[in-house]
Amino acid sequence: MSLRLSGVSYAHPNGQSALQAIDLQVAAGEQLAIIGPSGAGKTTLLRLLSTSLQPVSGSISLLDQQPARLSGRGLRRLRSRIGLIHQSPPLPPRQRVVTAVLAGRLGQWSLLRALLSLCYPVDAAGARQELARLDLADKLFQRCDQLSGGQLQRVGIARTLYQQPDLLLADEPVSAMDPVLADHTLGLLGAVARERGIPLVASLHAVDLALRHFPRVLGLRDGRVLFDKASGEVSQADLADLYANDSLAGAAPTSHSQAGALRPGRC
Amino acid sequence: MIRQSSQWQSRDPAALPRALITLLLIALLWPGLQLAEFRPQVLFNSQNLDTMGRFLAGFWPPALDADFLRLLGKATLETLAMATAGMTLALLLAIPAALLATRALSVSRLLSDRAGVLGQFLRYPVRLLLMVLRSIPEIVWALLFVRAVGLGPTAGVLAIAITYSGMLGKVYAEILESVDPAPARALLLAGSSRLSVFFYGLLPNAAQELTSYTLYRWECAVRASVVMGFVGAGGLGQMIDLSLRMFAGGEVASILMTFLLLVLLADQISLQLRRRLA
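Residue numbers (this note's numbering), protein chains in the order written: chain A, 1 to 267; chain B, 1 to 278.
The shape of chain B in the complex, shown without the other chains (with noise of 0.2 Å):
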């Protein structure tokens, strides 16, 4: 008897939850898969290779003469000049809310062990404009923007504003909450003000974390701006669009490498900062 029950208990008991939570897993990715109309065996179609085919083949040899190129660095600039833009705009909202959403100053939390209601109830109004900024996809903003300033890079960067500084307040907020609160706790002990205790006592252990994310979220919006160009917003995008339009293969090439570099310019930034800052 009392053998068999040990048995039992040699049995890994997290076993059952976790494959019926795999199988609930499936059957709820099915109709999602037949939602989303995903049929891979279409791409292996032999018509439809040759077309994709015949596409890839014009995008070679890239477009190099001069005078593309003197254009393709005008857009280039413009993209990271909007991109930059848009991210400087951001952080001025992003930074002030992160420090206002932030659990990480909370005075009750850092130094009683019981929840501030009032505080609570100061943070949440923030945490939801973050929200608002947020939900609404940058194109939609570029496109109403448009719509409302005209053509160019106008529109982008204030799409990139709107959106990008909902995403940073709230990951700043998070990466504020996730470290170590006891030198923010002992300062704030001392007499210090909170953003005193936000420069002396979070900042320093954060601030790997905050730039590495800025950073990516600025090659983020390097990408975005580039998509919002095909709804006029002006840089690489708009480029890109007349190129694929006019079936000129070698200039989207160009450009295509123009966004590599970009990206991997953006990485390199990052490693370095990260390295500085590690």
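Chain A with its partners taken away, still in its complex shape (with noise of 0.2 Å):
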């Protein structure tokens, strides 16, 4: 299993419950996709196969690895094996594309190898063929501030494909952009994965995006896993539940199509 938990509880600081008694696997090439409605700690789940957040109970295991007993270099190395696309891409405005892709894979390099990349690019070939792959390769040498919101966080996911991770997660990445570039982007990251091997797990608000993309679709809310199955199997009734709404009766999407038309109001 590349990924693995059991029973797997998170509260905030706060002590606000996100997640509760999560139990979740997930093989080596098999593609999952999180969907449910805002606030259902779809985001907290991510963090926590990303190691950023430790869980309060239970445990995980990533890459036949476990992150809670990994410090110092361990973890580093087992961070470097898993690329997270970040929902609103973190590039400095100031950088340039190229260094921001290249920045990708900080995490297998020497610092002076780093240093040596920020005075000439050491790998702008690789990186414009990342950005290739996202109808992005003429941006290689602009700085980021001058690209849209929908370009950034195709550079963002280039960044994390040039990394070459053995485990790709991406929290909603496709939020910025048109449905043809998100039906491509999603396209390519179950290509990539495909290719690669490596088990893709990405959370997505738009339904139909998610029942298209991926073979498996997890539903979660209120901090638990409401269903997990095939997503041929993925009933009305399983969205209706899922999105059910108390204080905005009526107001939930109760079809593909209505999820799919809520989703450009959205960044």
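Please note: incorrect hints may appear among the correct ones.
Partial selection, computed: residues in chain A whose CB lies under 7 Å from chain B [claimed, not checked]:
hint, residue
1, R76
2, R79
3, L84
4, R94
5, L134
The following residues of chain A were derived to be distant from chain B, with all beta-carbon distances above 12 Å [said to hold, decoys possible]:
hint, residue
6, L91
7, D123
8, D135
9, S148
Hints listed in this document are in silico derivations from the structure and should not be mistaken for laboratory results. Backbone N, C-alpha and C fix where the C-beta goes; we use that ideal spot for every residue, glycine too.
Two independent chains are provided; combine them into the complex using the hints.
And the structure:
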């Protein structure tokens, strides 16, 4: 198993419970989408999987290692094998795209190589190759603050792909993209994961994209797993339960098309 | 009844505390003025005005003879060299100290929402060191070093290096803490070492601010080296001290104009660099 969570719970420092008793196993090469309403704990789950947070109880095993037992160099080595695509791309506005993409491999580079690359990009060709798959090769030497939100999100993805991780995580990776680009990008992430035989776990708020691109879907609500099944088996009733909103009665999406229509409104 | 309570609510609830704080500040300021013997009316006493007028009249015309200008040029270079060498030495200490003292590179602050206790224990001594370094004014260090290494710019360089490393280290650490931590957090999560995180995640956002502050400090170092000249550390300060003692107003005027030019120069360099880094 590439990724195994057993009985994992997490509470925010203010005591508010975010995840409760999550059990989850993802095999190498498996692709899983996490869906659920806002505040369901999708981002927290991904932060746990990326070793950013430690669970309050339960155990997490990633790539046959237990991050809770690692520290220092061992933890850094594990982190350099985990690629996380962030919801809002964490790129310094004044940095050039080429530097931002090459930074993906800082975990594997020596400090000397990292410093050399700041003076003259050591692998501009590699960065260009990743950007080309996302149709951004022409932006290689531009500054990040000259790009649009959707372009920045793709630069962030290119960086994570350049990292060549053994576990690919994505937190709302296409939230700032138009439908065509979102389709293309999710297709690319799936293809890369298949090609390299690595697991892919992505959180999405667009139900139609999750069902279309991912063979397995996990529904998360109030920090608990509501369902975890093959995407073909997810029923209307499952989705209605997942998104049922007591205070906004009647606003819950009832069909795929409606859920899709909600998507462009965000970001 | 209800109307009355809503009327009460319409008054700014912050008004009373603000008025009290203002009164408190005035009450604190007044004894301060008394202690400082602040009596501006003395300035306008006719006898004092006369003395000052004669002193200032001696400033014109500025001394421009070749011999004096040659001396002035040498002293200016000496002052600039003292400030620059002092700043360079200060940077050697300030940059590592800032990296150690800043919370911007704290793994526990970046990754979890909980503060790391161990890191705080390690950062505190560095902060304390920076505090000690900057708490003693450079002029005191200069007096000390003039006795230790003799008259000349060496004393000034050492004095600037010590005091300014404390100031630079503290402010650098705070500038790094003020930039967006998201890029640093992401790099740390991808397994980067903290030094790489600094170069790739923090520096791009902080560079402009850091440069601007460094140049401002260099400008201050030029001024400080002038002041230290009065206690024998050479440069323009020693020159202005001599000219003042000899009541050579024209020379003083020329030296003051040189100060103005130096500050203008520092300002221009800072402006150009900021534009370049923007």
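Hint by hint, here is what the structure shows:
no. : hint : in the structure
1   : R76  : holds (5 Å)
2   : R79  : holds (4 Å)
3   : L84  : holds (6 Å)
4   : R94  : holds (5 Å)
5   : L134 : violated (18 Å)
6   : L91  : violated (6 Å)
7   : D123 : holds (14 Å)
8   : D135 : holds (23 Å)
9   : S148 : holds (18 Å)
Hint check: violations occur at hints 5 and 6; the rest are consistent with the structure.
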